[in-house]
Amino acid sequence: MKQKEFKLTFRDDGTIDPQCIEQAGLRWVKIWLVRRLSGDDPFVPLDKRVDEDPDALVVGLLCDAGLAHPASSLISKAVLSLLDQSAKRAPEVPPYFSNTLRLCQQVRIPDTSTWFTDQLAQIAKAPARAEKRWGGIEGTKEIVYAGAVQAPGLPSAASRKAWQDLLKVPQYATLALTGLCRSFEDQVTHMKPWWRRCPTTERDLELNQMLFTGLKTESEKAVLAILKSSGGSFPADLKEAINRALRENGSRVVFSDSAEQNHSREALWGAIKGAGQKSQYVLAAA
Amino acid sequence: MASQLYTLAQSSLPRPDQQRLSEFETWLSDINEPQLDSARLLANVRDECHLVGAGNFGDPNELAAFLKACGQAHSKATSELQRRDGYSSTCSAFELKGLGVEQTSLPPGFLRYSTSKTVVTTLVERMLGKVARRDFDSGLMSIEDAFNRIAIYWSAARLTDAEMLARSNAVFATFEHNGTAPCDDARALADALALPVLLRVGAGEEILFEFLYQRDSVQGYRFPTVADAGRFHLFQPAPEVVPDPASQNTLWGWTRPLGGQQSQPEIVHENAPLRVIDSAPRLVGRMTV
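Quick note, the sequences are listed as chains A and B, same order. Quick note, the first sequence lines up with residues 9 to 294 if you use our numbering. Quick note, the second sequence lines up with residues 506 to 794 if you use our numbering.
Any given hint could turn out to be false.
Incomplete in silico selection of chain B near chain A, CB under 7 Å [as the list claims (entries may be wrong)]:
1) 614
2) 618
3) 622
4) 636
5) 639
6) 671
7) 672
8) 677
9) 787
10) 788
Covered stretches of chain B (chain A as the covering partner; in silico rule of three or more C-beta atoms under 8 Å from a C-beta of chain A) [stated by the list, open to error]:
11) 568-577
12) 588-600
13) 640-652
Pairs of lysine to aspartate or glutamate residues, derived as DMTMM-like cross-links and limited to a Cα-Cα distance of at most 25 Å, are as follows [as the list claims (entries may be wrong)]:
14) 581(B) <-> 48(A)
15) 15(A) <-> 535(B)
16) 85(A) <-> 72(A)
17) 96(A) <-> 150(A)
18) 96(A) <-> 20(A)
19) 229(A) <-> 666(B)
20) 140(A) <-> 666(B)
These aren't lab readings, by the way, just hints derived from the structure by calculation. Just so you know, even glycine gets a beta-carbon here, dropped at the ideal spot from N, CA and C.
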């Protein structure tokens, strides 16, 4: 491997010129990615003083060049090759595997869609076997996170069924929601089965975040309208949890809260009695 | 001019090793890489005066071993890639071998600056959940919102032993000192800490954030050396002065600041689980060119 065969060139602003990747060719891009994503780049040393992410330079390069650039296409093919090699070597995954997944979790890598669709199907079919293969639930989860970007469960997607199946597996239910849903409205559509499967220790935290992002990206009015129109059949504990999360995020609540209603009635009753009025008429009016 | 320690170390090597070192140094000063001041890299190696391992200040044995290893790795290499790998692996082998820094001379709190979005992603998942992690990675949740919410829901107990302060064995850290640091300006702080490499990734997307942790929660405090810095020419070896408690400037390393910023204290210590941090990390800001 001689240096003249591969030379990264930089533009004036310090970013890599994608042209040099294109000129280097697939073989060299693979070699570079293997080294870089293993955390040991001989060409552009990683700055360990600030714990530079090995994937960050590649993410920047892809975002900068755009998917249509020939350099992106080469990187995409190289990434698929690294994933294939990792699958062949599993459970002894190579050192570049985790950073390759990190890359796939942040930016679209077109060639990898089928790879992730296959993996998602295997995980959904036999989660325990997949976890054994990929280093436990933590390792498997990283594949699923990347799958949400590379093979999202859009209605017409080949991965759709795998995501729907994952929604039934408690430890992957929340991740399945991220794979299936592109919007808050989507999340509400899948909320009932998700709530049923998601471990109770996780549910409130996750719901809180869904509403936080929903309220950030949509108006409060829109969020409440979506919940109102789709949430009528939600179980009482889910409705209460939604109200709690809405309150925590500074929003009005959407479902009538039975506990709160009882509390208000008691308060009103006390006030009425205290005022000496005829409670039955006032309560009826209330 | 080379440090006395370097001169002693170099002259202690047998002649064949001196020859190999000379060849290595010629190569090091001529690495043809954009944005790398290779002459500065060589100057740093020759200025090194705290790479003493377990020895005392002025003991040349460890530096001699480092220089010998650099020369040998270089002479064995048959390609440019192997020469680079040889230097990197020699540096790794000599990490955390700077002169020890007295614990009592250091302030009780350490600061560490990072650009790692992977670490932020992990913290987001631990504190805010899986949906939050996905929202963060996809950009639905902004960096600012992520840090705000991590602070609200912060609980160090949710971190596991799998999360570490750094990927490498040597952790670079700084601390508050008598001088000033531009704590709320990411670019200026990066300049003060000599971190221009951040600008390579892509305009405006880089972040700088700060961990605060107790000195006593980590161990192995040392002067940073050229071996810890590897191929970063902006590193500055500490001046060749015997550490003197009466003169704080001599007790640890100092950064080589850019852009007219003030130099900042710099030490390295052994890696430790991330849960040593006292509180939620603080977002310094986004890097802008």
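Structure-based check of all given hints:
1. 614: Violated. Min distance 19 Å.
2. 618: Holds, about 6 Å.
3. 622: Holds. Min distance 6 Å.
4. 636: holds (4 Å)
5. 639: holds (4 Å)
6. 671: This hint holds: residue 671(B) lies near chain A, its Cβ roughly 5 Å from the closest one there, short of 7 Å.
7. 672: Where the cut-off is 7 Å and the nearest Cβ of chain A is about 6 Å from residue 672(B), the hint holds.
8. 677: holds (4 Å)
9. 787: It is violated, given that the least Cβ distance between residue 787(B) and chain A is near 15 Å, above 7 Å.
10. 788: violated (14 Å)
11. 568-577: violated (count 0)
12. 588-600: holds (count 3)
13. 640-652: With 6 residues in contact (Cβ-Cβ under 8 Å with chain A), the coverage given for the segment 640-652 of chain B holds.
14. 581(B) <-> 48(A): holds (20 Å)
15. 15(A) <-> 535(B): Holds, at roughly 15 Å.
16. 85(A) <-> 72(A): This hinted pair holds, its Cα atoms lying about 18 Å apart.
17. 96(A) <-> 150(A): Holds, at roughly 17 Å.
18. 96(A) <-> 20(A): violated (41 Å)
19. 229(A) <-> 666(B): With Cα atoms ~43 Å apart, residue 229(A) and residue 666(B) exceed 25 Å; violated.
20. 140(A) <-> 666(B): holds (21 Å)
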